[in-house]
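Work the whole structure out from these sequences, hints included.
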Amino acid sequence: MHLFLLGVSHRTAPVDLRERLDFSSRDLSAAAAAVVARPSMSESVVLSTCNRSEIYVASSDPARAREELVGFLSDYHHVALQAFQPHLFALENSAAVAHLFRVAAGLDSLVVGEPQILGQVKEAFQSASGKRCVGPVLGNVFRWSFGVGKRVRSETALGEGAVSVSFAAVALARKIFGHLDGRRVLVVGAGEISSLTAQHLRSQGVGEIVITSRTHAHAEALASEVGGVALPWDAMIGALGSADIVVTATGSQRPIITRAPLEAAQGHRRSTPLFIIDLAVPRDVEAAIGEIEQVFLYNIDDLQSIVEENLSRRAAEVEHAESIVNEEVAKFMAWQRSRSAVPTIVALRQRFESIRASELQRLESKLGVLPPDARERVDAVTRLIVEKLLIEPTEQLKALPDEETQAAYTEAVNRLFKLQQDEEALDAARDTPLDIARGRHADPTKLR
Amino acid sequence: MNALPLVLYAAAGVAYAVHFARRDSTAGRAATTLLLFGALVHTFVIGMQTMEVRHVPIANPSRAVSSFVWLLTLSYLYLEMTTDERSMGVFILPVIVGLQIIPALYPGVESRDPVLDSPWFWVHVSSLLFAYASFGLAGILGVTYMLQFKEIKKKHLGYFYNRLPSLQILDAMNSHAVTIGWLFLTLGVVVGAVWMTQARGVAPNDPNIKAMSLDDPKIFMALVTWGVYSFAMFARRTLGWTGRRAAWLSALGFGFAMLNFLPINYFVTTSHTFY
Numbered sequence: 001m002h003l004f005l006l007g008v009s010h011r012t013a014p015v016d017l018r019e020r021l022d023f024s025s026r027d028l029s030a031a032a033a034a035v036v037a038r039p040s041m042s043e044s045v046v047l048s049t050c051n052r053s054e055i056y057v058a059s060s061d062p063a064r065a066r067e068e069l070v071g072f073l074s075d076y077h078h079v080a081l082q083a084f085q086p087h088l089f090a091l092e093n094s095a096a097v098a099h100l101f102r103v104a105a106g107l108d109s110l111v112v113g114e115p116q117i118l119g120q121v122k123e124a125f126q127s128a129s130g131k132r133c134v135g136p137v138l139g140n141v142f143r144w145s146f147g148v149g150k151r152v153r154s155e156t157a158l159g160e161g162a163v164s165v166s167f168a169a170v171a172l173a174r175k176i177f178g179h180l181d182g183r184r185v186l187v188v189g190a191g192e193i194s195s196l197t198a199q200h201l202r203s204q205g206v207g208e209i210v211i212t213s214r215t216h217a218h219a220e221a222l223a224s225e226v227g228g229v230a231l232p233w234d235a236m237i238g239a240l241g242s243a244d245i246v247v248t249a250t251g252s253q254r255p256i257i258t259r260a261p262l263e264a265a266q267g268h269r270r271s272t273p274l275f276i277i278d279l280a281v282p283r284d285v286e287a288a289i290g291e292i293e294q295v296f297l298y299n300i301d302d303l304q305s306i307v308e309e310n311l312s313r314r315a316a317e318v319e320h321a322e323s324i325v326n327e328e329v330a331k332f333m334a335w336q337r338s339r340s341a342v343p344t345i346v347a348l349r350q351r352f353e354s355i356r357a358s359e360l361q362r363l364e365s366k367l368g369v370l371p372p373d374a375r376e377r378v379d380a381v382t383r384l385i386v387e388k389l390l391i392e393p394t395e396q397l398k399a400l401p402d403e404e405t406q407a408a409y410t411e412a413v414n415r416l417f418k419l420q421q422d423e424e425a426l427d428a429a430r431d432t433p434l435d436i437a438r439g440r441h442a443d444p445t446k447l448r
Numbered sequence: 449m450n451a452l453p454l455v456l457y458a459a460a461g462v463a464y465a466v467h468f469a470r471r472d473s474t475a476g477r478a479a480t481t482l483l484l485f486g487a488l489v490h491t492f493v494i495g496m497q498t499m500e501v502r503h504v505p506i507a508n509p510s511r512a513v514s515s516f517v518w519l520l521t522l523s524y525l526y527l528e529m530t531t532d533e534r535s536m537g538v539f540i541l542p543v544i545v546g547l548q549i550i551p552a553l554y555p556g557v558e559s560r561d562p563v564l565d566s567p568w569f570w571v572h573v574s575s576l577l578f579a580y581a582s583f584g585l586a587g588i589l590g591v592t593y594m595l596q597f598k599e600i601k602k603k604h605l606g607y608f609y610n611r612l613p614s615l616q617i618l619d620a621m622n623s624h625a626v627t628i629g630w631l632f633l634t635l636g637v638v639v640g641a642v643w644m645t646q647a648r649g650v651a652p653n654d655p656n657i658k659a660m661s662l663d664d665p666k667i668f669m670a671l672v673t674w675g676v677y678s679f680a681m682f683a684r685r686t687l688g689w690t691g692r693r694a695a696w697l698s699a700l701g702f703g704f705a706m707l708n709f710l711p712i713n714y715f716v717t718t719s720h721t722f723y
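Each protein sequence line maps, in turn, to chains A and B. Residues in the first sequence are numbered from 1 upward in steps of one, following our numbering. Residues in the second sequence are numbered from 449 upward in steps of one, following our numbering.
None of these hints come from the bench; they were simulated from the model. Careful: at least some of the hints might be erroneous.
Example chain B residues on the side facing chain A (calculated, C-beta under 7 Å, incomplete) [said to hold, decoys possible]:
#1 Met594
#2 Leu605
#3 Gly606
#4 Gly688
From chain A, some residues computed to sit far from chain B (all C-beta separations above 10 Å) [said to hold, decoys possible]:
#5 Cys50
#6 Phe72
#7 Ser94
#8 Gln126
#9 Ala230
#10 Pro232
#11 Ser271
#12 Asp302
#13 Gln336
#14 Ala357
#15 Leu384
A quick note: this is a predicted structure, and the numbers were derived from the prediction, not measured. No residue lacks a Cβ here, since even glycine has one placed at the ideal position from N, Cα and C.
Rendered as C-alpha cells:
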C-alpha cells in the first residue's frame, strides 16, 4: 500500500486557481468520501486552506490514483483539466510523509510558522475519519504529523513573534496588561486601519471600545460595526484619561495628541499603564508622550520593525525546524518498516509455537505421569526457550534499514521456516499492536 | 545536614536556568520537581532540628537563614503553582542557593538562653522571617519588572520580553508580596517590642536586652526597612507609585532587609546576639 499525495499550493499555483480548487471546511468529509469511492484508493484525507488544496490517499496503484484524483478535482470543482494540471504537484511515500510533516510544522506556510495550519490539518483528518475514510496508512502518518507539529512549536521559535502590525500591537498589549479582558480602548480616526485594528482588539476580548473621529458620522458607523460607542471629537482628550489602549489613525498633518493635555487628562490615573498605538503617517501623537512614565508609545515604524525582526528570527529557526522534520520522517519510516515486519514475525512465532505444541502433544503419554506442577514447569520452560530463540530475530527484522533489505530478509525467513502468510492473516497482523512483535505477551522473566 | 537541600536547590537552579534560556518545558518540570524535593528534604532537616532543640530552629543566625531559605522556597513554590509561571525561578534560585550556603557551611548551635524562652520571641522571629521571604519575592518581582519595562519602553523587544510575564501581572504580584511582607514585618516589630519590655522585667541584667534601643544598628535598620515598605504601600495607593517606582522600592527594601539579616546580624548588632 502506498501513500500518495496530489495537490496545489501557494508554491505551485496562483491564488485564482487555488480559489477555484478550494474545498470549504463543510465539504471536507464529503470530498474525502467521494475520493474513497473511486476504485484505486482505499483511504483519503482532504486538506484545504487558503494556501493549499491537497488530497492524501492510500492506494496500491499510485499511477492510477493520480489519474483518478485529477479527474476528481476536475469533476468536483468543474475546472478544465488543462487549467490546473501544470500547477499540480504529486508526491509518494516518504516524500509525501515529509511534505505532510512540513505542512503540519508550518514550514510550508506562506507566513512560515503560522499557528492555524496544525489545527487545519487536524480538522481535515477528523472530517475524513468521521466518514471512515481513514485506515492504518493515513491514520498513522497523520497522527504522527500532529506530534511533529507540536514538537516543532515547542522546540523551535518558528511560530514565535507577531508577523503583522496588528498582531504585534496585540502581543505588546498583552505583555503590558496581561489579559485584555475589560480593557478600555479609544480609537481615534475611523478609517480602514482603525476599523481593522478595532476588530482585532474586539476579537481579543477587550472591554469597551470608544471611537471618535472628526466626522462624527464616521465614528458612529465604525462604532456600530465593531460594537463600540461613538464619542464627539471634542471629548477625545478627556477620554484619554480613562483609556488603557489608544489607537490613532487619522489623516491629520499635525499631532492631535500632545503631552500637556494628555498629562492633564491623566492626572487622576497615573498609576495604570497607557498603551498608545499610533498607526498614522504623519504621526498623530507627539513623540515626547513616550517619555511619560507608564505610557508606552509605539508608532507604525516601531511595530513594522518588530514584525521584520520576528520574520527574520523565524527564518533563522527554519533550519532547526527542517532538521526536526527530517528526523521525524526517518523515525516514522523506520517505525513503518518495523510494522511491516510484523506479519513475518507473527508467522514465525506461530510456526515456533505450533512446533512446541505438537512436540508436547507427541510426548503427552510420557508427560502424563508427571505431577501437575512439574507439567506446568515443562510447559513454561519450553515456552521460554521459544521466546528466547525469537528475541534476536524479532529485533533484527524490525531494525532493517530499508525496504529492499527487508524484502530480502522476509523472503529468506519465509523460505527457511516455510512460513505461509495468507492475506487475511497479514491484514490482521498489520493492525496488531507492536507489543506482539516485541514479545511482550509472554514475559520470560516471570518464569524465573 | 543543610548540605543536601543546598545540592537539590543548586540542581533546581541549573534546571530553571536551562528552562529560561531554552524555554524547554521538560527542564521546567524537572526544575519544579527538584525544588519541591529540595523543599521536602529541607522540611525534614528543619523538623529534625525542631525535635532536637524542641522548638523551631531560629535562635541562631545560621539556622534562622536556613529557616528563611525554607520559607522563601515555599513562598516561591506557592507563587509558581498559583500563577503557573516558571520564569521567575531563575531569579529567585540564586538567592535561595546563595543563602543556603551559609547554614550548609556553618551549621551553628541553637541558643539555649533562657531569656528566649517566651512565645513572643518565636512569633517575633517567625513573622520577620516570613516577612523577609515575602520581600524576597517582591524584590525579585521588582527586578524582573524593571527588565521587562525597559525592553517595552525602549522598544527593544529582546531576551526578557519573550520570557517574562506581563508588566501588570508582575506589578500586581509585587503589590501582594509587599502587602503580606509589610503585615508580617509590622507584626514582628510590634511583637519584638512587647517581648523586649517583658524580658526587661524577667532578665534586667542581660546585656542583649540592655542594648535594645534605636542605637542598635539591627533595630534601627529594621525600622528603616519598615519605613521603606510603609512608604512603598502609601505611595502606591495615594501617589500612584506603581510599576517601575514600586519595583524600585521593593528591590531597595529587600536590599535593606538582607543587609540587616546578614552582615548586621552577624557582625554589627549589639542586642541580638543570643548565641
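Going down the list of hints, with the structure as the test:
For Met594(B), the interface hint is violated, the least distance from its beta-carbon to any beta-carbon of chain A being 12 Å, above 7 Å. Because the beta carbon of Leu605(B) sits about 6 Å from the nearest beta carbon in chain A, less than 7 Å, this interface hint is met. For Gly606(B), the interface hint is violated, the least distance from its beta-carbon to any beta-carbon of chain A being 9 Å, above 7 Å. For Gly688(B), the interface hint holds, the least distance from its beta-carbon to any beta-carbon of chain A being 4 Å, beneath 7 Å.
With a cut of 10 Å on Cβ distances, Cys50(A) stays outside the contact zone with chain B, its closest approach being about 28 Å. With a closest Cβ-Cβ approach of about 43 Å to chain B, Phe72(A) is found to remain outside the 10 Å limit, as its non-interface label requires. For Ser94(A), the condition that its CB be more than 10 Å from all CB atoms of chain B holds, with the nearest at approximately 29 Å. For Gln126(A), the condition that its CB be more than 10 Å from all CB atoms of chain B holds, with the nearest at approximately 26 Å.
Once the 10 Å rule is applied to beta carbons, Ala230(A) is consistent with being away from chain B; the minimum gap is 28 Å. With a cut of 10 Å on Cβ distances, Pro232(A) stays outside the contact zone with chain B, its closest approach being about 28 Å. Once the 10 Å rule is applied to beta carbons, Ser271(A) is inconsistent with being away from chain B; the minimum gap is 4 Å. With a least beta-carbon separation of about 5 Å from chain B, Asp302(A) fails to lie farther than 10 Å from that chain, contradicting its non-interface assignment.
Against chain B, the non-interface label of Gln336(A) holds: every CB pair exceeds 10 Å, the least being about 27 Å. Every CB of chain B is more than 10 Å from the CB of Ala357(A) (nearest about 47 Å), matching its label as outside the interface. Non-interface status of Leu384(A) relative to chain B is upheld: no Cβ of that chain comes within 10 Å, the nearest being about 38 Å off.
The structure is inconsistent with the numbered hints 1, 3, 11 and 12, although it conforms to all the rest.
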